[in-house]
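Participant: Sequence:
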Amino acid sequence: MPHATPHADVATAELDSALRGGPFHVALRAAIAARGLPLQRVQHHLSRHGVKVGVTSLSYWQQGARRPQRPESLRAVRALEEILQLPEESLIRLLAESDERAAGRCSPGRSYRSLVEASGVRERLLAEIGAPRDGGLHTLGHHERVRIGARRELAERESHHIVRAHRDGVDRHVAVHHGDPGSAPERMTVHALENCRTGRVRWHRDTGVLAAELLFDTRLRAGDTFLFRYAVEDGTAGVSREYVHGADSPGGQYALQVRFDPGALPVRCRRFTQHSPAAPRGGHQDLAVSGRYRSVHLVEPRLRSGYVGIAWDWE
Numbered sequence: 002m003p004h005a006t007p008h009a010d011v012a013t014a015e016l017d018s019a020l021r022g023g024p025f026h027v028a029l030r031a032a033i034a035a036r037g038l039p040l041q042r043v044q045h046h047l048s049r050h051g052v053k054v055g056v057t058s059l060s061y062w063q064q065g066a067r068r069p070q071r072p073e074s075l076r077a078v079r080a081l082e083e084i085l086q087l088p089e090e091s092l093i094r095l096l097a098e099s100d101e102r103a104a105g106r107c108s109p110g111r112s113y114r115s116l117v118e119a120s121g122v123r124e125r126l127l128a129e130i131g132a133p134r135d136g137g138l139h140t141l142g143h144h145e146r147v148r149i150g151a152r153r154e155l156a157e158r159e160s161h162h163i164v165r166a167h168r169d170g171v172d173r174h175v176a177v178h179h180g181d182p183g184s185a186p187e188r189m190t191v192h193a194l195e196n197c198r199t200g201r202v203r204w205h206r207d208t209g210v211l212a213a214e215l216l217f218d219t220r221l222r223a224g225d226t227f228l229f230r231y232a233v234e235d236g237t238a239g240v241s242r243e244y245v246h247g248a249d250s251p252g253g254q255y256a257l258q259v260r261f262d263p264g265a266l267p268v269r270c271r272r273f274t275q276h277s278p279a280a281p282r283g284g285h286q287d288l289a290v291s292g293r294y295r296s297v298h299l300v301e302p303r304l305r306s307g308y309v310g311i312a313w314d315w316e
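Counting with our numbering, you get residues 2 to 316 for the letters of the sequence shown.
There may be inaccurate statements among the hints.
Unchecked claim - Between beta-carbon pairs, the in silico distance windows are:
{"no.": "1", "residue 1": "H45", "residue 2": "A248", "range": "31 to 41 Å"}
{"no.": "2", "residue 1": "L266", "residue 2": "T199", "range": "51 to 61 Å"}
{"no.": "3", "residue 1": "E82", "residue 2": "A128", "range": "22 to 32 Å"}
{"no.": "4", "residue 1": "P72", "residue 2": "P133", "range": "25 to 35 Å"}
{"no.": "5", "residue 1": "L228", "residue 2": "D262", "range": "26 to 36 Å"}
{"no.": "6", "residue 1": "G283", "residue 2": "E89", "range": "14 to 24 Å"}
{"no.": "7", "residue 1": "V300", "residue 2": "V268", "range": "21 to 31 Å"}
{"no.": "8", "residue 1": "H192", "residue 2": "R303", "range": "49 to 59 Å"}
{"no.": "9", "residue 1": "A151", "residue 2": "S250", "range": "33 to 43 Å"}
{"no.": "10", "residue 1": "V268", "residue 2": "R67", "range": "26 to 36 Å"}
To be verified - Here are the computed lysine to aspartate or glutamate pairs in the DMTMM-like style, where the Cα-Cα straight-line distance is at most 20 Å:
{"no.": "11", "residue 1": "K53", "residue 2": "E15"}
{"no.": "12", "residue 1": "K53", "residue 2": "E73"}
{"no.": "13", "residue 1": "K53", "residue 2": "D17"}
Everything labelled a hint here was simulated from the structure, so no lab data went into it.
For glycine and all other residues, C-beta sits at the position ideal for the given N, C-alpha and C.
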């Protein structure tokens with residue numbers, strides 16, 4: 002069996018290091034070098050995947066002079082992961098982290114890892130409660146109010162749901178709250194405010210995820226609509242810099258309002274969207290804080306699967 006050359010060993014070690022820590026352009030350059038492919042061959046392989054990217058663009062990407070941003074370019078990055086024999090979403094993840102740094106959002110915040118880990122924890126908590134993945138409810142409307150306290154912490158989140166049952170016998174909903182980094186879900190409190198009462202509550206300390214069963218006072222039949230409201234009293238973490246709402250499937254109207262303490266006002270707020278934890282953020286839009294109510298908001302007429310949220314900067 003042929004032995005790896007010292008050069009190949011070095012190239013492999015450099016690639017492993019770049020895939021762990023990035024940035025994107027360094028990992029891409031290391032991957033191309035480790036496979037020994039000239040850019041013309043990379044371009045040829047991409048064309049066989051149905052993706053057209055110029056050699057000049059590939060050169061710019063691996064130099065860090067430009068970042069892939071257009072949908073076609075992101076398709077190319079996913080194809081490159083296969084062509085260069087890299088783990089799935091390894092380059093996409095680094096690209097998302099590069100975009101966050103470029104936007105001035107190094108840390109803390111909802112990183113790729115935190116979103117993926119929280120998703121897995123959510124599934125485990127739902128299983129502990131005994132809730133099926135499909136809860137039998139379709140969201141017609143969802144309004145969230147987030148309150149940021151005097152210490153710049155996520156103090157409370159209130160949710161108002163309008164739902165329709167798509168099967169008979171639905172009598173509960175499992176709410177999931179994802180606290181900021183460093184939060185303590187065991188110290189959070191769930192308040193059932195309208196048309197529901199609190200059932201079982203489970204949490205996961207490391208990720209700050211809490212799941213709470215909200216029991217209705219009736220069993221819904223298929224086609225029935227229902228309104229309920231609850232709140233999660235948090236305030237257990239440090240400085241909050243964003244609120245992110247994730248949806249597994251398309252839904253109805255979604256509105257998010259973030260209200261700030263009068264003694265702790267941000268210098269800038271902006272809306273964003275994200276198709277998946279590994280995808281770069283897009284849909285950026287600056288939001289002005291209202292003078293009297295010290296709040297910002299966004300409205301999605303029809304919520305898509307993925308993530309939408311509001312981020313803010315402090316002085």
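Participant: Out of the numbered hints, which ones does the structure contradict?
Facilitator: Hint check: 2, 8, 11, 13 fail, others pass.
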